[in-house]
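Novice: Sequence:
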Amino acid sequence: MKLGVIGTGYVGLVTGTCFAEMGNDVICVDNNQQKLSKLRNKEVPIYEPGLELLFKRNIEKGRLHFTDDLNSAILEADVIFLCLPTPQGEDGSADLKYVFGIADDIGKILKDNPNYEFKVIVNKSTVPVGTAKAVTKIINGYVETGFEVVSNPEFLREGYAVDDFMKPDRIVIGATSENVKEIMSDLYEPFVRQGNPILIMEPESSEVTKYAANSYLAMRITFMNELANFCESVEANVDMVRRGMGADTRIGKRFLFPGIGYGGSCFPKDVNALLKTSVENHSEMTLLAQVDKINKDQKLVLVKKITNHFGEDLTGKHFAVWGLAFKPNTDDMREAPAVVIINRLLELGATVSAYDPAAMENTKFYLGDRIEYKPDQYSDLENADALLILTEWNEFRNPEFSKIETKLKNKIIFDGRNVYDPEKMAELGYTYYSIGRIPVK
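For what it's worth, the working numbering labels the leading residue of the sequence shown as 1, then goes sequentially.
Mixed in with the good hints there might be a few duds.
To be verified - In the DSSO-like style, the derived pairs of lysine-lysine whose C-alpha atoms are separated by at most 27 Å in a straight line are:
{"no.": "1", "residue 1": "K293", "residue 2": "K304"}
{"no.": "2", "residue 1": "K56", "residue 2": "K35"}
{"no.": "3", "residue 1": "K253", "residue 2": "K317"}
{"no.": "4", "residue 1": "K167", "residue 2": "K304"}
{"no.": "5", "residue 1": "K374", "residue 2": "K403"}
{"no.": "6", "residue 1": "K56", "residue 2": "K42"}
{"no.": "7", "residue 1": "K42", "residue 2": "K2"}
{"no.": "8", "residue 1": "K305", "residue 2": "K424"}
{"no.": "9", "residue 1": "K56", "residue 2": "K38"}
{"no.": "10", "residue 1": "K108", "residue 2": "K167"}
{"no.": "11", "residue 1": "K253", "residue 2": "K293"}
{"no.": "12", "residue 1": "K409", "residue 2": "K305"}
{"no.": "13", "residue 1": "K317", "residue 2": "K305"}
{"no.": "14", "residue 1": "K97", "residue 2": "K276"}
{"no.": "15", "residue 1": "K61", "residue 2": "K167"}
{"no.": "16", "residue 1": "K35", "residue 2": "K133"}
{"no.": "17", "residue 1": "K317", "residue 2": "K133"}
{"no.": "18", "residue 1": "K296", "residue 2": "K167"}
{"no.": "19", "residue 1": "K111", "residue 2": "K2"}
{"no.": "20", "residue 1": "K403", "residue 2": "K424"}
Claimed, not checked - The calculated label-pair distances, taken between Cβ atoms and stated as ranges, are:
{"no.": "21", "residue 1": "D186", "residue 2": "A426", "range": "56 to 66 Å"}
{"no.": "22", "residue 1": "N308", "residue 2": "F401", "range": "16 to 26 Å"}
{"no.": "23", "residue 1": "D112", "residue 2": "T249", "range": "52 to 62 Å"}
{"no.": "24", "residue 1": "N383", "residue 2": "A426", "range": "22 to 32 Å"}
{"no.": "25", "residue 1": "E284", "residue 2": "R40", "range": "46 to 56 Å"}
{"no.": "26", "residue 1": "N71", "residue 2": "K133", "range": "45 to 55 Å"}
{"no.": "27", "residue 1": "L53", "residue 2": "G316", "range": "40 to 50 Å"}
{"no.": "28", "residue 1": "K407", "residue 2": "E189", "range": "30 to 40 Å"}
{"no.": "29", "residue 1": "Q34", "residue 2": "E76", "range": "19 to 29 Å"}
{"no.": "30", "residue 1": "S72", "residue 2": "D376", "range": "43 to 53 Å"}
{"no.": "31", "residue 1": "E43", "residue 2": "D104", "range": "40 to 50 Å"}
{"no.": "32", "residue 1": "E382", "residue 2": "D297", "range": "26 to 36 Å"}
{"no.": "33", "residue 1": "L199", "residue 2": "K407", "range": "48 to 58 Å"}
{"no.": "34", "residue 1": "G141", "residue 2": "Q34", "range": "27 to 37 Å"}
If you are wondering where the hints come from, they were derived from the structure by calculation, not from laboratory data.
Quick caveat, the model's predicted, so the values are computed rather than measured.
Positions of the beta carbon are idealized from the N, C-alpha and C atoms, including for glycine.
Take the sequences, apply the hints, and build the full model.
Specialist: Here it is, written out as structure tokens:
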């Protein structure tokens with residue numbers, strides 16, 4: 001098929017590249033000339049493992065193209081994916097101005113070209129329930145027939161997005177007509193040859209599915225964080241509790257790891273958007289309000305451990321941070337706990353240096369030159385009063401502890417991701433704080 005992808009951000013670039021890998025002719029549209037220049041020069045502007053290989057291969061094969069010509073892309077494509085940002089508004093709702101703006105542009109283009117072929121217009125962006133109807137209404141202001149708006153939410157995990165797209169757990173399609181259901185099913189059939197389902201439903205159910213999935217996972221993480229804090233108060237070990245819970249097949253093992261709160265571009269935004277939509281529809285999901293509040297509080301749990309150890313005034317104290325991104329295998333700093341933690345330490349008078357394998361450049365947008373950025377994890381430790389682990393990158397899991405102790409002023413580690421074993425830390429002579437586990441003395 002000929003596919004158009006509007007927007008070359010994280011979702012758009014992965015979507016366009018993976019569809020091209022399956023033999024489709026894909027044209028990606030963006031109005032950012034600097035980004036377009038990089039894409040045309042075969043430069044991947046985001047950090048995502050496995051993407052660069054597919055990206056370059058499909059450009060070379062002539063299946064993946066980039067343009068700022070929206071008009072030609074709309075007219076040439078059979079299926080048009082809207083992969084546009086839906087940032088959180090001040091009131092917690094999803095801001096749909098980019099989606100609605102492009103819908104208006106599409107309507108104008110179709111009106112000006114009355115002989116256009118039937119278009120399937122797909123909302124790939126995460127959008128509130130009712131958006132497919134709203135986009136349809138906008139385009140209907142220009143043309144009444146010859147298109148259908150579909151909901152097809154993405155379920156991509158940053159750091160694993162290529163695998164998630166190429167080998168999805170499920171495909172969710174919200175469509176109305178049998179013709180469009182068949183078009184979308186044919187498009188995705190090569191991705192589900194092992195038998196994972198293509199779930200076809202009405203657009204409203206599809207739109208709710210994405211928010212429901214992310215909000216549930218956020219709730220699960222939040223429960224484990226609260227449970228970890230409780231475990232500390234009763235001298236229980238959350239790791240053992242987690243294993244006992246996860247062995248129950250009704251619960252499962254995933255998303256049971258406590259830490260310093262969730263972040264990223266999806267969970268915080270989607271929890272608030274679903275909450276806002278529920279209020280607007282007079283069916284408030286009060287549980288989600290608590291999930292959001294608890295998560296914000298959890299981001300400061302590690303700071304409380306630091307001040308309990310060093311005192312409330314951290315003037316003269318210097319902390320080394322390992323990990324800045326909201327999770328490993330990404331350079332995404334949106335809603336990252338590290339930003340909240342570091343800002344609070346700076347407010348209390350401390351100085352901070354940091355190292356992250358991928359996210360340091362993006363961190364500068366949030367923290368600027370208020371912290372020092374180090375080229376590697378060990379130079380980061382020089383003259384630090386303690387080490388803080390804020391992202392569980394693999395390269396931090398088995399460091400040279402003998403080297404760490406020669407760099408740090410004190411053998412103190414505050415581990416927000418439970419990377420190390422408390423008993424091993426005690427044997428090595430470290431004062432070690434983690435989440436939900438009692439320090440071994």
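Novice: Each hint should be assessed against the structure and marked as holding or not.
Specialist: These are the hints, each one checked on the structure:
1. K293 to K304: 17 Å, holds
2. K56 to K35: Holds, at roughly 16 Å.
3. K253 to K317: Violated - the C-alpha atoms of K317 and K253 are around 39 Å apart, more than 27 Å.
4. K167 to K304: 41 Å, violated
5. K374 to K403: Measuring from Cα to Cα gives roughly 16 Å; hence the hint holds.
6. K56 to K42: 6 Å, holds
7. K42 to K2: 21 Å, holds
8. K305 to K424: OK: K305 and K424 at ~20 Å, within 27 Å.
9. K56 to K38: Satisfied, since the Cα-Cα distance of roughly 12 Å is no more than 27 Å.
10. K108 to K167: Roughly 36 Å between the alpha carbons, so the hint for K108 and K167 is violated.
11. K253 to K293: 25 Å, holds
12. K409 to K305: 18 Å, holds
13. K317 to K305: It holds: about 15 Å lies between the C-alpha atoms, which stays within 27 Å.
14. K97 to K276: 17 Å, holds
15. K61 to K167: 22 Å, holds
16. K35 to K133: 31 Å, violated
17. K317 to K133: 55 Å, violated
18. K296 to K167: 33 Å, violated
19. K111 to K2: Judged against 27 Å, a Cα distance of about 21 Å means the pair holds.
20. K403 to K424: With a Cα-Cα distance of about 16 Å, the restraint between K403 and K424 holds, given a limit of 27 Å.
21. D186 to A426: 56 to 66 Å: With a Cβ separation near 59 Å, D186 and A426 satisfy 56 to 66 Å, so the hint holds.
22. N308 to F401: 16 to 26 Å: Holds: the Cβ-Cβ distance is about 24 Å, inside 16 to 26 Å.
23. D112 to T249: 52 to 62 Å: 57 Å, holds
24. N383 to A426: 22 to 32 Å: 24 Å, holds
25. E284 to R40: 46 to 56 Å: 47 Å, holds
26. N71 to K133: 45 to 55 Å: 25 Å, violated
27. L53 to G316: 40 to 50 Å: 48 Å, holds
28. K407 to E189: 30 to 40 Å: Violated - the Cβ-Cβ distance for K407 and E189, about 55 Å, lies outside 30 to 40 Å.
29. Q34 to E76: 19 to 29 Å: 25 Å, holds
30. S72 to D376: 43 to 53 Å: 47 Å Cβ-Cβ, so the 43 to 53 Å window holds.
31. E43 to D104: 40 to 50 Å: 31 Å, violated
32. E382 to D297: 26 to 36 Å: Taking Cβ atoms as reference, E382 and D297 lie about 32 Å apart, which means the hint holds.
33. L199 to K407: 48 to 58 Å: 52 Å, holds
34. G141 to Q34: 27 to 37 Å: Cβ of G141 to Cβ of Q34: about 33 Å, so the range 27 to 37 Å holds.
In summary, the structure is inconsistent with hints 3, 4, 10, 16, 17, 18, 26, 28, 31 from the numbered list given earlier, while agreeing with the others.
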